[in-house]
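Those protein sequence lines, which keep their order, are chains A and B. At position 62 of the first sequence (counting the first as 1) the number is 203 in the working numbering, and the numbers step up by one without a gap. At position 140 of the second sequence (counting the first as 1) the number is 166 in the working numbering, and the numbers step up by one without a gap.
Rather than coming from a laboratory, the hints here were simulated on the basis of the structure. These numbers come from a predicted model, not from an experiment. Glycine included, every Cβ here is placed at the ideal spot set by N, Cα and C. Any given hint could turn out to be false.
Here chain A is said to cover these stretches of chain B; the calculated rule only asks that three of the stretch's residues, wherever they fall, bring their Cβ under 8 Å from a Cβ of chain A [to be verified]:
1) 118-126
2) 148-159
3) 167-173
4) 190-202
One-letter residues, chain by chain:
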Amino acid sequence: MEKGNGYCFFPMTLNATILLVVLITTFVLIRALYVMHQSGKPLRKTALQSASTLIVLGSGGHTAEMLNLLSMLQKDKFTPRFYIAAATDNMSLQKAHLMEKSLVEMTGGNVLESVQFMQIYRSREVGQSYITSVGTTLIAIAHALWIMIKIRPQVILCNGPGTCLPLCVIAFLFKVVGIRWSSTFYVESIARVRRLSLSGLLLYKLRMADQFFVQWPQLQKKYPRAHYVGCLM
Amino acid sequence: MGDTDDCTKAERTVFVTVGTTCFDALVKAADTQEFKSELSARGYTHLLFQIGRGSYIPTKSTGEDGSLVVDFFTFSSSIADNLRSASLVISHAGSGSIFETLRLRKPLIVVVNEDLMDNHQSELAEELAERKHLFCTLPQTLYQTIATMNLESLLPYRPGDAAPVAKLINRFLGFPDD
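When you get a sec, could you build the whole thing from the sequences and use the hints?
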């Protein structure tokens, strides 16, 4: 490094870069803290007429519980609806499709408008080696990002399957970066009585769900920020 | 249920279901002579297995010699009809099977599969057993449960509903309540 009259260009850009990185990181952290603080606060009344909704389905009980919840929501408020399930889950999207078709028949319509069914790559299959899981998780995250950029939902409904984690994390990042403000509602499965699932625990601790629901009183005692809503089934 | 007349007993079926899992331990435990005799002694006439992905095949029997009629199948698109025509259901601890059976108000014995990693399913079965909505047991204690159970002691399960959640979600988003 030269001393004296002349500036040494290299160290100056290095300092400027470091300063820039620090500033951006600080800004992002503050913004993230603000988002975490604002999440969980109800939206203002005039905010939404209807909300585009992403519905995350999971094998077996998860889908049954989710469809049960959906039956209680006004369909004209939660539209358009996007159903998403893991690529290896064959039954869930079929069940959701059946339910939507029966809705159409009931209201006398002809076609499924503004409803889409999608599959997403799984981060990890049961029993998969952890080494290959790193690669598949990255692919799953990239796929989730692609899907979320296309949909940019205003509401996300999920109830436990690991599929929901990358989607919820990306939704949170969208809030931080300002791409889309969304509301994530997480309903822990009825099968979870004393302990949360891994997805639930992560979303609860990281405060990434706007509202977190549990179906048994034991969980509400352990996780006081959760809302106890009784059994859904 | 079946017809009753002078020659035939009313049909009382015990339905064993493992859902989409492999649960050989349960099928084996229910396929023993001792277990089947106990069922006959308690007035059951038919034993039907839904064995899913299991590899153990139970022994079929036409019951001509007055013993239990035994049959099995692997999967069906819906076990609702099997549940409806059963007098007793013995099920793995999947929440779907459990609540489908409870909603039909059938007596239910849930058998927990200890070979499953991270056995969170047992939490649900144990909690519902504590509330006396079903009996909870293991394959190795299934016989004892059958031999000592008192079905009268079971309490009916009142189905829950999602209305409280829907209300909170609507309120959060500023949607009017239905």
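Notebook entry, point to check: Looking back at the numbered hints, which does the structure fail to meet, lowest number first?
Noted result: As far as the earlier hints go, only 3 is violated by this structure.
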